[in-house]
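Colleague: Chains S and H, in that order, give the protein sequences. Start counting the first sequence at 1; every next residue gets the next number (the numbering used here). Start counting the second sequence at 1; every next residue gets the next number (the numbering used here).
No wet-lab data here; the hints were simulated from the structure. Certain hints may be false.
As the list claims (entries may be wrong) - Below, in silico cross-link-like pairs of lysine-lysine (DSS-like), each with a Cα-Cα straight-line distance of 25 Å or less:
#1 K252/S with K154/S
#2 K14/S with K281/H
#3 K281/H with K266/H
#4 K14/S with K266/H
#5 K386/S with K366/H
#6 K293/H with K237/H
#7 K155/S with K252/S
#8 K129/H with K266/H
Unchecked claim - A few chain H positions that, by computed beta-carbon distances, are all more than 10 Å from chain S:
#9 K130
#10 Q157
#11 R210
#12 L227
#13 A345
Said to hold, decoys possible - Computed footprint of chain H on chain S, listed as stretches where at least three residues anywhere in the stretch have a Cβ under 8 Å from a Cβ of chain H:
#14 61-75
#15 171-180
#16 345-357
#17 362-371
Backbone N, C-alpha and C fix where the C-beta goes; we use that ideal spot for every residue, glycine too.
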Amino acid sequence: MIERTRIPLHRDPKVRAMLVQALALIIVIYGFYSLFQTTVDNLVARGIQTGTSFFDEVAPFQIGFSPFFDYKLGESTYIDVFFVGIQNTILVAVLGIIAATLLGFFIGVIRLSPNWLVARGALVYIEIFRNVPLLLQIMFWNFAIFLPTLPAPKKSIEMGAFYLNARGFHTPLPVIEDSAGFAVWMLLLVGLVAGLVIFARRAKVRFQETGQRLPVLWISLVAIVLGGYALYKIAGSPLGFDVPVLGRFNFKGGGQLPLPLFSLWFALTLYTAAFIAENVRAGIQSVSYGQTEAAQALGLSRRDTIRLVTIPQALRVIIPPTISQYLNLTKNSSLAVAVGYEELVAVWAGITLNQTGQALVIIGMTVAVYECLSLFTSFVLNWYNKRIQLTER
Amino acid sequence: MPDAKIFVPAPDRAPPLNTLGPVAWVRENLFGSVSSSVATLIFLYLFFSYVPPFVEWALINANWTGTDRSICEANTAGACWTFINVRLEQILFGLYFASKPDELWRPTLIFILFFALLLPLLFEKTPGKKWLSITLLGVFPVVFYFVVYGGSFGIPQSNTTQWGGFLLTFALAFVGILLALPIGILLALGRRSELPVIRSICVIYIEFWRGTPLITILFMASVMLPLFFPAGVEFDKVVRAMIGITMFQSAYTAEAVRGGLAAIPKGQAEAAMALGLGYWKRTIFIILPQALKISIPSIVNTFIALFKDTSLVSIIGLLDLLNMAQTAARSVEWRGYDIEGYLFAGFIYWAFCYGMSRYSQNLERKLDTNRRN
């Protein structure tokens with residue numbers, strides 16, 4: 001007969017697990033509670049009323065760059081500053097992501113070029129830009145290169161209707177002059193794209209049935225460029241252009257990218273591209289050479305081997321770390337505070353915090369914005385990883 | 001008689017012109033195809049139009065000697081390294097030590113000690129590595145505190161608000177990695193724990209710090225930290241930055257260690273369990289030694305990132321290497337020599353980060369025992 005020994009309570013793993021967790025929970029809750037309590041006491045002692053009532057107060061400073069919202073000194077409130085900050089963060093992040101992706105893929109591909117010089121050049125680029133702090137790079141381009149070397153507005157570098165000077169980059173801006181015509185143009189464009197989608201489906205079916213392939217990509221590109229222009233004329237040319245004109249001190253009108261935005265974008269692009277290039281190189285190298293050989297044995301052309309065998313497998317390795325780089329780029333855009341570009345950290349956690357002293361609310365909201373972005377990124381990553389796992393057999 | 005088929009061999013292919021030697025190498029690697037030749041020419045053009053003028057400016061025509069800007073103004077064709085030369089003590093050791101020539105031995109001694117301890121560790125066959133690392137991680141910080149901060153043994157106390165230059169960058173990075181390592185290991189273990197409460201606490205902590213930009217954390221540390229503690233408890237700016245950096249770095253270290261933990265086969269833990277080892281014994285003696293070894297390259301990578309990120313403290317007003325170089329270049333005596341200042345600071349950062357990344361790549365290759373090529 002088996003004699004059942006009873007485990008003493010303090011050695012029972014279940015009981016111990018419960019105890020440890022309860023203890024951890026109590027410590028964390030007590031820690032937060034006491035932090036909160038001292039913080040409130042400290043704020044009361046300094047005479048700061050924590051709350052959100054300052055949102056509706058008029059902000060006493062000017063924000064020079066706000067492309068999509070109207071910001072008026074003396075009318076706009078602090079909460080407007082918050083949204084202008086988010087807008088400017090997103091703007092530089094999107095511009096940076098586009099440019100860094102293009103440059104990063106280019107450098108990553110030529111890093112594996114059979115041409116020794118080109119591959120070495122790419123390596124030198126990567127090793128230089130990856131290993132120098134981004135903040136130093138931003139300040140270097142802004143204060144040591146662009147500010148002293150770019151000309152004054154009167155002597156701007158002209159590229160057609162584009163102007164570059166020490167104040168920034170000035171571009172013509174499309175303006176909708178005839179809104180009915182513009183709507184017609186948009187509708188026609190939607191029709192064109194829908195037609196192309198149907199065409200691509202039919203081409204795929206045809207390929208699967210007969211093995212004949214149509215150059216869908218080229219046909220679509222040509223159709224969109226030429227067709228888009230033809231439809232623009234048909235709709236009666238509904239756009240006008242607001243061209244920058246030299247005023248007494250600087251250009252007026254048109255789109256203006258202030259120099260800090262330009263330097264920030266430039267440095268973020270060069271820095272992030274070095275990391276993306278490494279991801280691209282690692283991704284391409286991760287596809288074993290046997291895959292290429294097998295594709296050749298099946299009779300695929302060199303182009304088809306790259307397009308149908310190498311790239312799809314390489315992308316699976318390239319995309320996840322590249323998405324993390326996009327998040328890093330967005331977080332790094334907060335270094336704009338060093339050159340005075342008016343994004344979230346600069347105008348909200350910087351100027352507004354100094355003006356109002358509402359540290360708790362302001363830092364909390366700033367952190368919340370970045371946490372949302374980071375959660376969104378990991379959501380996308382998980383979704384992508386799950387999707388490629390399903391296709392793996 | 002049917003026509004006999006006579007085998008006619010195809011004519012021999014001509015022997016390859018040259019497969020060895022420099023000419024063949026150039027032909028294959030630089031002019032292998034039309035596009036490759038075009039790329040080579042473009043590259044050579046760019047190289048020769050930018051690199052020789054830069055070398056000329058930075059080295060050949062540069063000004064190295066002198067004590068004021070007159071020599072640089074006389075020769076504007078070259079870089080003004082005179083400025084770095086004159087301000088070198090400030091840029092390396094900060095305002096406090098640069099202003100007191102009698103105290104310069106303190107940071108110098110620290111750096112000599114550090115490299116004397118670190119360099120032997122980088123080689124595989126050094127005897128007594130264990131004791132060296134214990135000295136570096138355990139004894140060295142204490143020596144650092146007493147020598148650089150001072151205040152006892154007859155060494156005058158240094159003013160932390162005047163700490164700066166590379167010494168500050170070094171102190172921030174070293175403290176960051178030293179404190180973040182144990183916290184990060186605990187967090188990584190917690191994240192893989194079977195206890196849901198512990199796991200969620202660790203996940204929230206890690207994701208919170210990883211999701212926030214360091215500059216926001218530094219703002220938080222410099223503005224909000226005083227609010228979190230009862231009146232009377234005061235930290236100076238350097239300590240505040242150190243706390244912020246440690247919080248931030250521990251989350252990244254935790255993720256690096258977690259990668260190592262995930263790579264250990266489950267059988268290791270199961271075997272330890274079968275031998276009757278409890279959680280802590282099996283973690284400390286079986287799992288961690290293997291996991292940490294695997295995660296050294298990723299830990300070094302997070303350390304490289306941290307080393308670069310310490311430059312952010314210049315935004316909250318600390319005079320680290322970057323800020324010191326910039327301040328020197330904007331001083332009245334040396335206004336206009338920003339490029340030299342940034343290049344010098346950039347070169348120091350680059351040398352350290354590149355060295356570390358080469359080391360971690362080497363290590364990775366050595367640890368990767370089942371490599372294919």
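Colleague: Count the residues of the segment 61-75 of chain S whose Cβ falls closer than 8 Å to any Cβ of chain H, and tell me whether that reaches three.
Modeller: Violated, because only 0 residues of the segment 61-75 of chain S bring their Cβ atoms closer than 8 Å to Cβ atoms of chain H.
Colleague: Would you mind confirming whether the straight-line C-alpha gap from K281/H to K266/H stays at or under 25 Å?
Modeller: Measuring from Cα to Cα gives roughly 16 Å; hence the hint holds.
Colleague: Hey, does L227/H actually stay past 10 Å from chain S on C-beta?
Modeller: violated, 5 Å
Colleague: Take a quick look at R210/H and tell me if its Cβ sits farther than 10 Å from every Cβ on chain S, holds or violated.
Modeller: violated, 7 Å
Colleague: Taking only the CA atoms, is the gap from K129/H to K266/H under or equal to 25 Å?
Modeller: violated, 29 Å
Colleague: Holds or violated: are the alpha carbons of K14/S and K266/H at most 25 Å from each other?
Modeller: holds, 22 Å
Colleague: With the threshold set at 25 Å, check whether the alpha-carbon distance from K386/S to K366/H stays at or below it.
Modeller: violated, 32 Å
Colleague: Against chain H, does the segment 171-180 of chain S show at least 3 residues with beta-carbon separation below 8 Å?
Modeller: The restraint on the segment 171-180 of chain S is violated, since only 0 of its residues have a Cβ under 8 Å from chain H and three are required.
Colleague: Taking the shortest Cβ-to-Cβ distance between A345/H and chain S, state whether it exceeds 10 Å.
Modeller: Given a closest Cβ separation of 6 Å, the condition is violated.
Colleague: Take a quick look at whether K252/S and K154/S sit within 25 Å of each other, Cα to Cα.
Modeller: holds, 12 Å
Colleague: Quick one, are K293/H and K237/H close enough, alpha carbons at most 25 Å?
Modeller: violated, 35 Å
Colleague: Can the restraint linking K14/S and K281/H be considered satisfied, given a maximum Cα separation of 25 Å?
Modeller: holds, 19 Å
This entry does not satisfy hints 5, 6, 8, 11, 12, 13, 14, 15, going by the numbered hints stated previously.
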